[in-house]
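Using the sequences and the accompanying hints, generate a full structural model.
Residues per chain are reported as follows:
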Amino acid sequence: MSNITPKIELKRLQKKFNRKIVLDSINLKIMPGESMVIIGGSGSGKSVTLKCILGLMYPDSGSIKIDGTEMVNISIKDHKKILSKFGMLFQGAALFDSLTVWENVAFGLLAQRTYDRKEAKAIAIEKLRRVGLSPDVGALNPSELSGGMQKRVGLARAIATNPDIIFFDEPTTGLDPIMSDVINELIVECVKDVGATAVTITHDMSSVRKIADNVAMIYQGNIIWTGPRDQIDNSNNNYIEQFVNGKASGPIKMELLKG
Amino acid sequence: MNFLAVIGRVIISFLRTSGRIGIFASNAITCMLTPPYYPRELLRHMINIGYYSLPVVGLTTLFTGAALAVNIYEGSSRFNAESTLPTIVVIGMVRELGPTLCGLIVAGRVSASMAAELGTMRVTEQIDALHTLSTDPFKYLIAPRIIATVIMMPLMLVVVADTIGVLGGYLLATTKLGFNSANYMKSTIDFLETIDVIASLTKATVFGFFISLMGCYHGFNARGGAQGVGISTTNAVVSACIMILVSNYVVTEMFFSS
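Protein chains in written order, with our numbering: chain W, 1314 to 1572; chain D, 25 to 282.
In case anyone wonders, no lab produced these hints; they're calculated from the structure.
Ideal placement from N, C-alpha and C gives every residue a C-beta, glycine not left out.
Hints are supplied without guarantee of correctness; some may be wrong.
Simulated crosslink set (DMTMM-like; lysine to aspartate or glutamate; CA at most 25 Å straight-line) [stated by the list, open to error]: (1) W:K1394 <-> D:E277; (2) W:K1378 <-> D:D160; (3) W:K1393 <-> D:E65; (4) W:K1560 <-> W:D1546; (5) W:K1364 <-> D:D160; (6) W:K1434 <-> D:E217; (7) W:K1394 <-> D:D152; (8) W:K1431 <-> D:D160.
If you only want the chain W side, here are some residues facing chain D, beta carbon under 7 Å, derived [as the list claims (entries may be wrong)]: (9) F1399; (10) F1403; (11) G1405; (12) T1427; (13) P1490; (14) I1491; (15) M1492.
Here are the computed distance ranges between Cβ atoms for each label pair [claimed, not checked]: (16) W:K1390 <-> D:G43: 22 to 30 Å; (17) W:D1410 <-> D:S42: 48 to 56 Å; (18) D:G46 <-> W:I1389: 13 to 21 Å; (19) D:G43 <-> W:R1522: 45 to 53 Å; (20) W:I1389 <-> D:G99: 39 to 47 Å; (21) W:D1410 <-> D:G99: 45 to 53 Å; (22) D:Q251 <-> W:L1369: 18 to 26 Å; (23) D:E277 <-> W:T1486: 55 to 63 Å; (24) W:T1318 <-> D:Y61: 54 to 62 Å; (25) W:R1426 <-> D:F38: 49 to 57 Å.
Shown next, in the form of structure tokens:
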């Protein structure tokens, strides 16, 4: 086994909402430069896992390590320092309505206070170009963009600070199949450009096949399978098989009917 | 027993909410006093809150001042005390009606707008996005709004409300009720004391704090999509109005209780 420290390491991560256990005991290692895609049904705990890693939610117990540094119960100052390593593309893009497109893209650069507005704008325009948007889009408001363009702007914002780790939350939800493929390709290219570790959560199997190096499946708050992308079609796991093939019958459906 | 349980639940809920608002306010004040600061955001909110509220504040207080003059003239004429009209108008407007009316109008306009904007940001994950971009949402969203309201309420809005309210009374008294312009002005200036103006500006500052605090608190904690944003907006306006009326009494007692 190699001695490389995992970029992200989750150990026995648990999160409950009142009595409902959303994360039971999540164990997962993501190595530097890896593109991990987490799949699972709605309400299986994918988004909660991501929010716990980002510090948007506090886990009830367990450990989250980034580059070997424990994230649970660290000081706000240290947490902020580690957060600067992250970029994130939200499901609905989450662009700031009160700012123009270029200001959205440059937001992380300006927040770090390492660039003045002129320099940040130049970088933002370059990142917009990288995701296939012309510089004049930079002057528009987010409400003037289509869903696909908003996702591209969200992607440009996520890569603007050249982060070490990029999260993608349902990157193709609500997009037509062609635009989904365009976004998937952009994600692969941008992650390679930046040299980042990527974590994507999705239901979309075409995204999985395009983006993933490795795949993890969450079911009932546990990681029930991890493996390389190539093995998802012959995993010998009934849950994976049912999910990948989108079958109504299978162990997942049976569990739902019991509930 | 059920009735007592309901009362108990209401009291616990009230105390819990009060505690949360207290913690939110202390976090907001800490963020207002510590860097980083966002002057561009502060300026944007100062213009939105101060400048764009001027027309509605001016119109409301102009007609309220005029209506106040009519009522005082009618009442005082019953015992031949019409000459007290300028004094009562100026004291009534500056001490009470100017700041309170202005506060209620700004609560309706600004508190609602803050709650709706922050609530929408919450349900569309924009606040989470700020967090991931290494930006403290309290410093970027809450602190500039509270500072802008606390500055603009006394320095622009209530000064204008008081002045235009007194002007409304003056215009009505001199054009319809036969008052001499110079005498009216002299009575107004002679009877207006410094403490009246200080009380008015103090009220404006306190109201500004509560208006923005309620708007920010309810918007920031909005949950559950469009309906949640609607509920947070209603709660922001209602709670801001209640806080204005309660704090108005407290500040009045502080300044003028014998």
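Tested hints:
1. As the CA atoms of K1394 (chain W) and E277 (chain D) are separated by approximately 49 Å, the hinted pair breaks the 25 Å bound.
2. Distance hint between K1378 (chain W) and D160 (chain D) is fulfilled; the C-alpha atoms sit about 22 Å from each other, no more than 25 Å.
3. As the CA atoms of K1393 (chain W) and E65 (chain D) are separated by approximately 22 Å, the hinted pair is consistent with the 25 Å bound.
4. The hinted pair formed by K1560 (chain W) and D1546 (chain W) meets the criterion: a straight-line CA distance of about 14 Å does not exceed 25 Å.
5. Taking the CA atoms of K1364 (chain W) and D160 (chain D), the gap is near 16 Å; set against the 25 Å cutoff, the hint holds.
6. Restraint check for K1434 (chain W) and E217 (chain D): not satisfied, since their Cα atoms lie roughly 53 Å apart, outside the 25 Å limit.
7. At most 25 Å may separate the alpha-carbon atoms for a hinted pair to count; K1394 (chain W) and D152 (chain D) meet this at roughly 16 Å.
8. The straight-line distance between the Cα atoms of K1431 (chain W) and D160 (chain D) is roughly 23 Å, inside the 25 Å bound, and the hint therefore holds.
9. At its closest, the beta carbon of F1399 (chain W) sits 6 Å from a beta carbon of chain D; the interface hint therefore holds under the 7 Å criterion.
10. Here the hint on F1403 (chain W) is kept, as its CB sits about 5 Å from the closest CB of chain D, short of 7 Å.
11. Below 7 Å, beta-carbon pairs count as interface contacts, and G1405 (chain W) has one with chain D at about 6 Å; its hint therefore holds.
12. Interface hint at T1427 (chain W): violated, since its Cβ lies 11 Å from the closest Cβ of chain D, which is beyond the 7 Å cut-off.
13. Interface hint at P1490 (chain W): violated, since its Cβ lies 24 Å from the closest Cβ of chain D, which is beyond the 7 Å cut-off.
14. The interface hint given for I1491 (chain W) is violated, since its Cβ lies 25 Å from the closest Cβ of chain D, which is over the 7 Å cut-off.
15. Here the hint on M1492 (chain W) is broken, as its CB sits about 20 Å from the closest CB of chain D, past 7 Å.
16. K1390 (chain W) and G43 (chain D) have their C-beta atoms about 26 Å apart, which keeps the hinted 22 to 30 Å range intact.
17. The hinted range of 48 to 56 Å is not satisfied by D1410 (chain W) and S42 (chain D), whose Cβ atoms lie roughly 32 Å apart.
18. Range check, G46 (chain D) to I1389 (chain W): about 20 Å between beta-carbon atoms, so the 13 to 21 Å window is met.
19. As the Cβ distance of G43 (chain D) to R1522 (chain W) is approximately 50 Å, the hint placing it in 45 to 53 Å holds.
20. The supplied range of 39 to 47 Å is broken by I1389 (chain W) and G99 (chain D), whose beta-carbon atoms lie about 60 Å from each other.
21. Distance hint check: the CB atoms of D1410 (chain W) and G99 (chain D) are about 51 Å apart, consistent with the given range 45 to 53 Å.
22. Distance hint for Q251 (chain D) and L1369 (chain W): a CB-CB separation of about 22 Å, consistent with the stated range 18 to 26 Å.
23. One distance hint, 55 to 63 Å for the beta-carbon pair E277 (chain D) and T1486 (chain W), holds here, with the actual separation near 56 Å.
24. Hint check: T1318 (chain W) to Y61 (chain D), Cβ distance near 37 Å, so the stated range 54 to 62 Å is violated.
25. Take R1426 (chain W) and F38 (chain D): their Cβ atoms lie about 42 Å apart, and the range 49 to 57 Å is violated.
Of the numbered hints stated above, those contradicted by the structure are hints 1, 6, 12, 13, 14, 15, 17, 20, 24, 25, listed in ascending order.
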